[in-house]
Amino acid sequence: MKALMKGNEAIAEAALQAGCRLFFGYPITPSTEIPEYMARKMKTVGGSYLQAESEVAAINMAYGAAAAGERVMTATSSPGFSLMQEGISYIFAAELPVVIVDVMRHGPGLGGLGATQADYFQLTKGGGHGDYHPLVLAPSTVTEMVELTYEAFDLADYYRNPVILALEGISGQMMEPVEFPLYEAKKLPPKTWAATGIGHKPKVNIGSYTLSNEVGEAHNLHWEKKIEQIRASEQRFDEYLMEDAEYAFVAFGISGRIAESAVDLLRAEGIRLGLFRPISLWPFPVAGLDKRRNQIKGWLSVELSAGQMVEDVRLAVKGSAPVQFFGRQGGMTPEPEEVARVFKSLFADGGKRG
Amino acid sequence: MKAVFTKTKGLTDTPFHYCPGCTHGVIHRLTAEVLVEMDLLERAIGVAPVGCTGFCENYFACDMVGAAHGRAIAVATGVKRARPGSFVFSLQGDGDGAAIGLAETISAAVRGEKITSIFVNNAIYGMTGGQMSPTTLVGQKTSTSPYGRDRDATGQPLDLPLLVSQVEGAAYVASVSVESPKEIIATKKALRKAFAIQEAGLGYSFVSILSTCPTTWGMTPVEALAWLKTAMKPRFRMGELKAPTAKEVEQ
Ligand SMILES: Cc1ncc(C[n+]2csc(CCOP(=O)(O)OP(=O)(O)O)c2C)c(N)n1
Ligand code: SF4
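Chains as they are written, first to last, in my numbering: chain A, 1 to 354; chain B, 355 to 605.
Derived by calculation from the structure, the hints in this document are not laboratory data. Remember, predicted model here, so these are calculated numbers, not experimental data. It is possible that some hints are incorrect.
To be verified - Okay, derived cross-link-like pairs now, SDA-like style, lysine to any residue, Cα gap no bigger than 20 Å in a straight line:
| id | chain 1 | residue 1 | chain 2 | residue 2 |
| --- | --- | --- | --- | --- |
| 1 | A | K43 | B | K583 |
| 2 | B | K547 | B | E396 |
| 3 | A | K203 | B | D393 |
| 4 | B | K547 | B | P598 |
| 5 | A | K201 | B | K363 |
| 6 | A | K203 | B | L394 |
| 7 | A | K226 | A | E311 |
| 8 | A | K201 | B | P511 |
| 9 | A | K191 | B | K542 |
| 10 | A | K191 | A | V215 |
| 11 | A | K225 | A | V215 |
| 12 | B | K583 | B | P511 |
| 13 | A | K201 | B | T366 |
| 14 | A | K125 | A | Y183 |
| 15 | B | K542 | B | E553 |
| 16 | A | K203 | B | P598 |
| 17 | A | K201 | B | P438 |
Stated by the list, open to error - Computed from the model, here is a short list of chain A residues facing chain B with C-beta under 10 Å:
| id | residue |
| --- | --- |
| 18 | S48 |
| 19 | A57 |
| 20 | Y63 |
| 21 | I206 |
| 22 | G331 |
| 23 | S345 |
Ideal Cβ placement from N, Cα and C applies to all residues, glycine included.
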């Protein structure tokens, strides 16, 4: 049965369906529907919801719950996400499964609530200290939010790694009809590494300090191997009318939806254009872009930022074709017509002459 | 041969790394002894700070989780909420619990979080080589108060247990020290009570322990014990600052 739900609420419900029984958060618009939903529902499923004293505390509470072997989530928005970076670095290093939702608002500074994707660098490059990566998933519809929330918990447990769901405020607030398919957990090994008491298993220490550089390097090499494994196995993307395309937009989340409409507008004019939509922002879907390298004559990265993902697109297509950028900032979103106009002005022949 | 003294099984065989005359080790032993005597070791999950006691994960025989600097109580909160049946304690220095993690300490007390915080106050940042802490005494020289702590510029020592005792959710607050056998026995008693309060689900329990840091104080171990007694103790309210009545314990 379909329910009409806000994106934020759908994520919270999906987390509960996936067996998340602990939530720690601190209110911040436009993510607050998530803690509010959890505050209402967590009790009814026998879990624990707690409003922390700050995002710093919230992420470290999540660290503790994950260390004790339970499924846990926190949700915030950009300034709060900035405060969580140290904690996320520790979560990565202690190899703990934690799901984090970043419902982005624009900055820098306090900024505002409009749609933005300007957390891209902070999300994908390891926003805190040290060499690390959380997995970052960017849904573009409410239905996809549910699917990716289910997956986020499995991926976090499977890799023992933080997983972030990143969406724009407008997507979190957007109401769409959505269904909750039965959550079927992946077969995962028991959490023998968790701190659950020494009653039935040997003592464990969970932490991340190293007293010698030799041990430090060994840890880093272990993490590097895991990162490479994730990079090789977890690239996700979606394509729209890419089979015969000569030009392509690259856009994720809400700008993916806008770019899709722009594709339709330009296709109606006879331009062979497609959309490549990254779903995993990290690992960035380089393999999918690489496959189109000999086909596409020009790429346009459409983002709600001053141009962040475009750097990864340029790296992925390795100079095989020009990569242009178009973005709106400060909470503004472009109309599909504007995107189409920009495309035509940047690629003057519009792909017609090829 | 009759054994006169044995190491508690609450501690592992890993030797302590603490400086000669440092009382962190005494506090570890008391904590571990109480865990064993109260039959809590199997259910115990300890949270280690960043500070000189940051490596205590290797010393306690129970499961241990290492937290970021100042976040031990937040981590302990997450552990306890995830496993309400476990016994959860955090160990922190004065920098960890009274400076960078002050919000976490007070907020856990406000919530009446069912955990026990052991707060080791040596009036200085030991781990990082002896900088000023919120509990540094007025006039005390440290590497970042080289002329002595200046009351006008940096205020007076924070009496954290006194502050915590003002919060309703704090069920048990004690301020003790370890400079003599008598004080050590009193400290063990306070830990025992604090642990019992957690087990009874009565709220947050907080034990502050005055401790020495001869290395960064620039003293011999004996001088350090004397300074703790004569300079530190008069500056902080000592004793049981808050305890539930017998009736509250019964309920
Ligand atoms: C975010 C962060 N800031 C600063 C530090 C450096 N640091 C490590 S321990 C410490 C203070 C230690 O003093 P205290 O908590 O009193 O414990 P002690 O070593 O005296 O037992 C500091 C400032 C850190 N590790 N992390
Ligand atoms: S530096 Fe001070 S607190 Fe740290 S181990 Fe040495 S004496 Fe103890």
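How the hints compare with the structure:
Under the criterion of a C-alpha separation no larger than 20 Å, the hint pairing K43(A) with K583(B) is inconsistent with the structure, at around 49 Å. Between K547(B) and E396(B), the direct Cα distance comes to roughly 19 Å. Compliance with the 20 Å bound is thereby established for this hinted pair. Between K203(A) and D393(B) the CA atoms are separated by roughly 16 Å; this keeps the pair inside 20 Å, and the hint holds. Using a Cα cut-off of 20 Å, the hinted pair K547(B) and P598(B) holds, with the two alpha carbons roughly 10 Å apart.
At roughly 16 Å between alpha-carbon atoms, K201(A) and K363(B) fall within 20 Å of each other, so this suggested pair holds. Pair hint K203(A) plus L394(B) holds up; C-alpha atoms about 14 Å apart against a cutoff of 20 Å. Only pairs whose Cα atoms come within 20 Å are accepted, and K226(A) paired with E311(A) is rejected, the gap being roughly 24 Å. Only pairs whose Cα atoms come within 20 Å are accepted, and K201(A) paired with P511(B) is rejected, the gap being roughly 44 Å.
The suggested pairing of K191(A) with K542(B) is violated, with an alpha-carbon distance near 35 Å, which exceeds 20 Å. Among the hinted pairs, K191(A) with V215(A) is inconsistent with the structure: their alpha-carbon atoms are about 24 Å apart, more than 20 Å. Restraint check for K225(A) and V215(A): the C-alpha separation of about 15 Å stays at or below 20 Å, so the hint holds. A threshold of 20 Å between alpha carbons decides the hint, and for K583(B) with P511(B) the separation of about 16 Å falls inside it, so the pair holds.
Proposed proximity of K201(A) and T366(B) is supported: the alpha carbons are some 16 Å apart, at most 20 Å. For the suggested pair K125(A) and Y183(A), the alpha carbons sit about 31 Å apart, so the restraint of at most 20 Å is broken. With a C-alpha separation of about 17 Å, the suggested pairing of K542(B) with E553(B) holds against the 20 Å cut-off. Of the supplied pair hints, the one linking K203(A) and P598(B) is violated, its CA atoms being roughly 33 Å apart against a limit of 20 Å.
A hinted pair counts as satisfied when its Cα atoms are at most 20 Å apart, and K201(A) with P438(B) qualifies at roughly 19 Å. For S48(A), the interface hint holds, the least distance from its beta-carbon to any beta-carbon of chain B being 4 Å, beneath 10 Å. Residue-level restraint check for A57(A) holds (minimum Cβ-Cβ distance to chain B is 4 Å; threshold 10 Å). Satisfaction of the interface hint for Y63(A) is found here, the shortest Cβ-Cβ separation to chain B being roughly 6 Å, below the 10 Å cut-off.
About 5 Å separates the beta-carbon of I206(A) from the nearest beta-carbon of chain B, less than 10 Å, and the hint is met. Violation of the interface hint for G331(A) is found here, the shortest Cβ-Cβ separation to chain B being roughly 31 Å, above the 10 Å cut-off. The interface hint given for S345(A) is broken, as the beta carbon of that residue sits about 49 Å from the closest beta carbon of chain B, more than 10 Å.
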